[in-house]
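We have chain Y already, so just place chain R on it with the hints.
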Amino acid sequence: MIPDLLWRCPICASNDALRHSQRWLHLEVVDCTVCGTQWRVRRVVGDNYYLKIARSGGYTTAFLPGVELSISAWYDLMKQTVHLEALPEPPNLLEAGERLYLSSGQATLWAEAQPAFSRVDPLSPAAAEINPLSVTDLPGTEAECGRVVLGQLFLTNQRMIWQSSSATEEHPKPSADPQPFTFPLHSVNGIYAILNLGLSMVVGMRLYYLRFTNESPLKWVTYVALLAPQVKAESGHHIRTSHY
Amino acid sequence: MHEPLQKIIHKQYQKKYQALLIGLVKRLGGARLRLGLGWARIFYRLKIEEDASIPVKGGCLVAFNHVSDIADTMVYLVIHHRRPDVYLFSWSLNIGIISGLLEALGLPESGEHLLVADMRRTLNVNELLRARQVLLDGGCVAIAPEGETTWDGRLQSPLAPGAAWLALHTAVPIIPIISRGGYDVQPLWQREKIHLTGRIRIRIGQPLVLCEQPLERVSDAQLQTASQRLWQVLAELLTC
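Residue numbers (my numbering), protein chains in the order written: chain Y, 1 to 244; chain R, 1 to 240.
Wrong hints could be hidden among the right ones.
To be verified - Example chain Y residues on the side facing chain R (calculated, C-beta under 10 angstroms, incomplete): (1) M1; (2) Q22; (3) R43; (4) D47; (5) V67; (6) S70; (7) H186; (8) M205; (9) Y209; (10) N214; (11) S242.
Said to hold, decoys possible - Think about it this way: if two alpha-carbon atoms lie no more than 30 angstroms apart in a straight line, the pair counts; the simulated DSS-like pairs of lysine-lysine are: (12) K57(R) to K79(Y); (13) K52(Y) to K193(R); (14) K193(R) to K7(R).
Said to hold, decoys possible - Each pair of labels, with its calculated beta carbon distance range: (15) K79(Y) to S53(R): 51 to 61 angstroms; (16) Q213(R) to A233(Y): 32 to 42 angstroms; (17) C211(R) to E234(Y): 54 to 64 angstroms.
By construction, these hints were calculated from the structure, which means they are not laboratory data.
Beta carbons are placed, not taken as given, at the ideal position from N, Cα and C, and that holds for glycine.
So here's chain Y without its partners, still in its complex pose (with noise of 0.2 angstroms):
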């Protein structure tokens, strides 16, 4: 649904506020929930979707009803919007002098019980040619996976914080007092959008995956991709993230 693209309203840039509508015999329209704002969808075929601006929330005069663009620059306008903004701090979860980016709703993780490969530089394709027989004969890449995990998500400047909320397949009872464990951000070394499905992490050689209830995966893309600079800069260790 277009909230997967634009997962932040582009007028009131307000963080997962649009709902996409489509009833048979209805308009298809998009609706932001905090500013009000009403797109109605329109498919161009061979071509792309454009957004018209149906109703005006009154939040800005900048756009106005009939204003219409395409999907893409919608899109573009929204990414325009974003920063690294910290949110207020959740209780007993960060240090000193941690900021907090986002939080996520309820969230299932999978992770790998071992990790394919303990190697944990990753190598570009022209590194690898200096002695690629040293990597190719690896183990098995189809590591095994089974713990699932129910919970919420958080990304600070520093680390990404899992925080486990209720029975995993090993501990089917909920831990009365869940410990959260955390990826420091030198560690991750992606973090891709698996098509509109869910989050892949690969933090060292371990790979994780992360299906949101209600969250598209580009946002958390996005804010990474916002701190890898950051990250780069402070420790020298480069995140990959998929295109946004």
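Using the frame of chain Y, we list chain R on its own:
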């Protein structure tokens, strides 16, 4: 019982979609689709424009833009029509879907010609070396150098380095192919709902030769320059 992560994701989220996509391909003509892409020409008003042909023999790397599953399937069929020996790069997560599609298209044997890419990029070295050998032996490899399907319909930048790496190490020509009109048929944000009509245009561009002789060593700067050149060629094809 532990299972590979890819299998878990595929089972939980992709199975329904796989059935939908394969069902559609079958309704569009199944195996007959590759004999002239008949139904696609009617439903999607498919047009194929060739500035140059895909060579029927000799090493060549085909680079295409990654728009939607339905448009990419048509591009694959166009390539396969000229080069039945084509090897295709695919994410490990999509292997199940692609194998099912190939079966629906009457090409189950092509399932053995899949090169599997992993998000842990170090693990891709094996498949890159395999693809390089295919090209040096005179085979054909198809790759979507953007790496991922576009979210907003535009060509993504920068390209992943794999295509340029292969071309520089083998000195084979890159055949650029772009498809237009696949985005509104099946945008990524609505991947599970495929429109049954559209206007898809596939264009095959002039071969791009990045070097005359295979290079022994390739620097990151060379990779970046070559990728940028390939991106420009694809972008120009999209605009004309």
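Tested hints:
1. M1: holds (6 angstroms)
2. Q22: Cβ of Q22(Y) sits 8 angstroms from chain R, so the hint holds.
3. R43: Result: holds, 5 angstroms to nearest chain R Cβ.
4. D47: holds (6 angstroms)
5. V67: At about 18 angstroms, which exceeds the 10 angstroms cut-off, the nearest Cβ of chain R leaves the hint on V67(Y) violated.
6. S70: With a closest approach of 8 angstroms, the S70(Y) hint holds.
7. H186: Status violated, d = 17 angstroms.
8. M205: Given a least distance of 5 angstroms, the restraint on M205(Y) holds.
9. Y209: Holds. Min distance 6 angstroms.
10. N214: violated (14 angstroms)
11. S242: Holds, about 6 angstroms.
12. K57(R) to K79(Y): Given pair K57(R), K79(Y) is violated - Cα atoms ~45 angstroms apart, limit 30 angstroms.
13. K52(Y) to K193(R): Status holds; Cα separation ~22 angstroms.
14. K193(R) to K7(R): holds (23 angstroms)
15. K79(Y) to S53(R): 51 to 61 angstroms: violated (39 angstroms)
16. Q213(R) to A233(Y): 32 to 42 angstroms: holds (39 angstroms)
17. C211(R) to E234(Y): 54 to 64 angstroms: Cβ of C211(R) to Cβ of E234(Y): about 38 angstroms, so the range 54 to 64 angstroms is violated.
Consistency note: the structure conflicts with the earlier hints numbered 5, 7, 10, 12, 15, 17.
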